[in-house]
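Q: Now for the letters of each chain:
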Amino acid sequence: MSDEFQPLLTSRYGIEGSHTLAVAEKHGAYRTARRALTMMSPEQIKEEVKKASLRGRGGAGFPAGVKWGFLNPKEGEEVYLVVNGDESEPGTFKDRTIMNQDPHRLIEGILITCWAIGAHTAYIYVRGELKHSIDSLDAALAEARTKGYVGDRPFGKPHPIHIWTHSGAGAYICGEETALLNSLEGRRGEPRLKPPFPAVKGAFGMPTIVNNVETISAVPDIVELGGERWCSLSRLAPTDGGVRLYGISGHVKKPGIYEAPVGITMRELIYDYGGGMLHDDHPLKAVIPGGSSTPVLRPDWTVDAPNEDHPLHAWHGKSELDVPMGVDTYRALGTMLGTCCATVMDDTVNMVEACRNLMRFYRHESCGQCTPCREGGAWLVDVLDGLLSGRGKVDDVNMLVDIANNMMGNTICAFGEGTAMPLLGFVQRFADEFVEVAKRGLPLDVRHDESTRALVKGGVAA
Amino acid sequence: MPTFKLNGQDIPFEPGDTIIRAAWRAGVEIPHYCWHPGLSVAANCRMCLVHIKSGRQMALPVLVWDEAKQKYVPGTKPKLQPACQIAAAEGMEVDSVGEEVEQAHAHVQEFLLLNHPVDCPICDQAGECKLQDYYEEHQHTLKRKRTEPVHKPKAVRFGPTIVYDAERCIMCTRCIRFCDEVARDHVLDMRERGNRNEIVLAPGRQLDHKYTLMTEHVCPVGALTSRDFRFKARVWFLKTVPGVCSGCATGCTTHVDFDPRNGKVYRLRPRDNEACNQYWMCDDGMMSYKELHEGRVLTPVRGRGDEAELLLVEEAVDAAVAALRGVDHGKIGVVLSALHSNEDNFVLARLAEELGTDKLYLAARDAKLEGWEGDEILRHADPNPNRAGAHAAAGRTIEESVEDLVSDVLAGEVRAVIALGPWCGERAESLAPLAQLDAFICLSANEGTLPELASLLIPAASWAEQSGSFTNAKGISQEFERAVPAPNGVLPAWQTLVHVAAGLGLNLRYGRTSEVRNHMNAKPAASAAAPV
Numbered sequence: 001m002s003d004e005f006q007p008l009l010t011s012r013y014g015i016e017g018s019h020t021l022a023v024a025e026k027h028g029a030y031r032t033a034r035r036a037l038t039m040m041s042p043e044q045i046k047e048e049v050k051k052a053s054l055r056g057r058g059g060a061g062f063p064a065g066v067k068w069g070f071l072n073p074k075e076g077e078e079v080y081l082v083v084n085g086d087e088s089e090p091g092t093f094k095d096r097t098i099m100n101q102d103p104h105r106l107i108e109g110i111l112i113t114c115w116a117i118g119a120h121t122a123y124i125y126v127r128g129e130l131k132h133s134i135d136s137l138d139a140a141l142a143e144a145r146t147k148g149y150v151g152d153r154p155f156g157k158p159h160p161i162h163i164w165t166h167s168g169a170g171a172y173i174c175g176e177e178t179a180l181l182n183s184l185e186g187r188r189g190e191p192r193l194k195p196p197f198p199a200v201k202g203a204f205g206m207p208t209i210v211n212n213v214e215t216i217s218a219v220p221d222i223v224e225l226g227g228e229r230w231c232s233l234s235r236l237a238p239t240d241g242g243v244r245l246y247g248i249s250g251h252v253k254k255p256g257i258y259e260a261p262v263g264i265t266m267r268e269l270i271y272d273y274g275g276g277m278l279h280d281d282h283p284l285k286a287v288i289p290g291g292s293s294t295p296v297l298r299p300d301w302t303v304d305a306p307n308e309d310h311p312l313h314a315w316h317g318k319s320e321l322d323v324p325m326g327v328d329t330y331r332a333l334g335t336m337l338g339t340c341c342a343t344v345m346d347d348t349v350n351m352v353e354a355c356r357n358l359m360r361f362y363r364h365e366s367c368g369q370c371t372p373c374r375e376g377g378a379w380l381v382d383v384l385d386g387l388l389s390g391r392g393k394v395d396d397v398n399m400l401v402d403i404a405n406n407m408m409g410n411t412i413c414a415f416g417e418g419t420a421m422p423l424l425g426f427v428q429r430f431a432d433e434f435v436e437v438a439k440r441g442l443p444l445d446v447r448h449d450e451s452t453r454a455l456v457k458g459g460v461a462a
Numbered sequence: 463m464p465t466f467k468l469n470g471q472d473i474p475f476e477p478g479d480t481i482i483r484a485a486w487r488a489g490v491e492i493p494h495y496c497w498h499p500g501l502s503v504a505a506n507c508r509m510c511l512v513h514i515k516s517g518r519q520m521a522l523p524v525l526v527w528d529e530a531k532q533k534y535v536p537g538t539k540p541k542l543q544p545a546c547q548i549a550a551a552e553g554m555e556v557d558s559v560g561e562e563v564e565q566a567h568a569h570v571q572e573f574l575l576l577n578h579p580v581d582c583p584i585c586d587q588a589g590e591c592k593l594q595d596y597y598e599e600h601q602h603t604l605k606r607k608r609t610e611p612v613h614k615p616k617a618v619r620f621g622p623t624i625v626y627d628a629e630r631c632i633m634c635t636r637c638i639r640f641c642d643e644v645a646r647d648h649v650l651d652m653r654e655r656g657n658r659n660e661i662v663l664a665p666g667r668q669l670d671h672k673y674t675l676m677t678e679h680v681c682p683v684g685a686l687t688s689r690d691f692r693f694k695a696r697v698w699f700l701k702t703v704p705g706v707c708s709g710c711a712t713g714c715t716t717h718v719d720f721d722p723r724n725g726k727v728y729r730l731r732p733r734d735n736e737a738c739n740q741y742w743m744c745d746d747g748m749m750s751y752k753e754l755h756e757g758r759v760l761t762p763v764r765g766r767g768d769e770a771e772l773l774l775v776e777e778a779v780d781a782a783v784a785a786l787r788g789v790d791h792g793k794i795g796v797v798l799s800a801l802h803s804n805e806d807n808f809v810l811a812r813l814a815e816e817l818g819t820d821k822l823y824l825a826a827r828d829a830k831l832e833g834w835e836g837d838e839i840l841r842h843a844d845p846n847p848n849r850a851g852a853h854a855a856a857g858r859t860i861e862e863s864v865e866d867l868v869s870d871v872l873a874g875e876v877r878a879v880i881a882l883g884p885w886c887g888e889r890a891e892s893l894a895p896l897a898q899l900d901a902f903i904c905l906s907a908n909e910g911t912l913p914e915l916a917s918l919l920i921p922a923a924s925w926a927e928q929s930g931s932f933t934n935a936k937g938i939s940q941e942f943e944r945a946v947p948a949p950n951g952v953l954p955a956w957q958t959l960v961h962v963a964a965g966l967g968l969n970l971r972y973g974r975t976s977e978v979r980n981h982m983n984a985k986p987a988a989s990a991a992a993p994v
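Respectively, the protein sequence lines represent chains A and B. So the first sequence is numbered by my numbering: it starts at 1 and just counts up by one. So the second sequence is numbered by my numbering: it starts at 463 and just counts up by one.
Using 27 Å as the maximum straight-line C-alpha spacing, the simulated DSS-like pairs for lysine-lysine come out as follows:
1) K533/B with K605/B
2) K194/A with K515/B
3) K393/A with K531/B
4) K439/A with K531/B
5) K439/A with K533/B
6) K393/A with K533/B
7) K607/B with K393/A
8) K531/B with K318/A
9) K467/B with K194/A
10) K605/B with K439/A
11) K607/B with K439/A
12) K67/A with K541/B
13) K605/B with K393/A
14) K147/A with K26/A
15) K194/A with K74/A
16) K541/B with K194/A
17) K201/A with K541/B
18) K50/A with K201/A
19) K533/B with K318/A
Calculated Cβ distances over 10 Å to all of chain B for the following chain A residues:
20) S11
21) T20
22) G56
23) R96
24) S249
25) D300
Just so you know, these hints were derived from the structure itself, not from any lab. For each residue, glycine too, the CB sits at the ideal point set by N, CA and C.
Make the full structure from the sequences, and use the hints.
A: As structure tokens, this is what we get:
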């Protein structure tokens, strides 16, 4: 952890009353928005964001500047900005800290973005369970409206910008951008067929930009510092720029949200920011890097990139933990950076059990629209139940891979991959443990969660 | 026309066509459940996945077993695309066969059957079920899931016509989309998530619009069954001939499904017809087969009321000849029917010509009297299948209705009547004067107001018991084929008329339907029917 690092996204975290407009403004809020709306053209802002190499913070890591560039509204079409605050990925808890502690940063980002993309209306779609975040945003919006920052003439500019919060109803799938749009419109939260993409036909049939809360919250800093300078804060500049929020939870001493440059390593995140393993006698066994959909990493696995043109050649032979955390580097590693919120597991965790725990989540949350995800996800849980309850066979492990392989790429949205990918990751990196459980059932010395205990005792699986 | 290649075969397409639609039009089937040519694209069954050769590999890895290393290693596979969603493009090369695609088909099929009850022996869809067909064609594996399937509601009554079994349902949403897009009534939707979802009715509603049986028809599996058809027949015993619906002037083309062992028609299904009904029919049309077996006239009857006397079928013609012999031919009224085929009407019109009478009338069902309502979808305001055909047979538009016939009878201008069909759009009371006629011969397949009053009622074959044609309101003449044999001795009306003409010594000689048709088509007025 470098001492000279100046927090940007979290600069107002921890200040008493940081969620109020008065305190936030005293600490710099809306300064950039005022400048952007009064002195900068939309093209200038878009150019800065493009230069910043701001990769989407919601999980897919798509460059925000490029996404904005897809907008090409036809005559008479209104552009919408939709902010994705449906943060539901297990292990992820970063967006809510912005919405709770510094809602004005998000609102400022929205104002600048709306001006840049020509939107007059923005919706902040917040996961229903995040009541506190919704209340915090609503209160902040009320203040901003009173001040006139949000309204018909923000900072005197005749470009009306209206912002509304919209509560989800507790469905993970509504974090998928087109399912979110359906939910926003009052429809069943099911992903839409793409194309058309939201930038062409999104909310209410209009061109829409959907960005994550953290993505939008980074916009003021980008405009303030300039795209290039903000980008250079990253260790992976120029392809993956800036700073971002890192989350860490599980078996570490200091779980929480930390701001750091893009490209720190997992080792730094766990041992520097996270304070190291929770129990000194229980070493790190596995870490899920960025939300439950990202394949797990193993500290004792090394990068195998002997070819010089391999993007990870520089880390050949090093531990997976020493690869910088970036969208492209992690993709090359066979996992994904996702939401950048890591879940750390020590050697008390049985990987089959952990896997089943996640798969139960996906079974429950699949919207059920398309076949492979609806049926495959539930079947995975079924097979894992069999393994853990001692009914399994070694061949069941192959069957898990077969099921997951045939969910991959065959679904309407990325949920199918989000289910299959972590399973394949677990099996690939912990194949021995799966075979062991298949042969002998769950070892007695691991801690079970309630539902597994019931399963092992021969009770009914949850 | 531009083309693309499907499995090496050139497939022409129109701009905007999806791969599956172009292939379907060319007669090549890509396996599918949720896609229907008449509905929007849902792309949810994932059965139609194809490999587009110019497409990319999947960015994310799958796992493959490395025999040498004895472990799973990351592998790659092509990104397959749903043929129902991807637009065809010039020169595109698509494969719906090949290892990767067939593997995807096999797995989708396996996924669909994971929780499907194997109750085919009691399922009405068995024999025409896509799950069965595609299991044979694409799955190639036994069931690998060994645990209890998910249980869901069974035998849910959706309305007066449809029963739903959620366990059999594959959630293709065809029924939902049909109600939304064709019937324009958002009465069905989906509830719950994951593999616990099911189709439900809108709160407080029943599935009771005019097209409910179409939901059963579009259902690719046995989830929706028709209360009328279920448990009545096994489809592999049924034979099918092309038919035309007799329900209204739209003239939807149908498949007539009948059991040759007992000569019964069991159901009608729409027959694809771009020019007329596309892929659909209304409930009343679907149920119109009931008239083939209910309220039929099977025996000739002479006299009315207490004096009624049953005749043998063979005696009917002689009775008719005897009844007409004494009457001045010029005073014989001839009633064509908008419910009868072109052939029946044409021969009767020819008989009128031979008799030398110009007193033609048209009997037709009256919408108001029948409680019939047309709509903007398929149901024509006119509940008669062949008004245009009757006009064409007469060579002119027949303005005179049965009401006019009654006044002519009262005026003494008409002394005898030969009429086709059971209905005439009048209430029985207003037809009372027809009882004064010297002879009132009615040829009809079904009971109705006209047969009730006839002094000589002669049974006629129904539309399913003869081949013939109807001309719909658009002026399109559509032929139907004989499905089942007529009841013993009963002839098509036109054949009876030919015999009557012979008995009267008139020159009206037709032996086969084709002869009638040839003569009919030779007369320009008959072929160019005036649209109504």
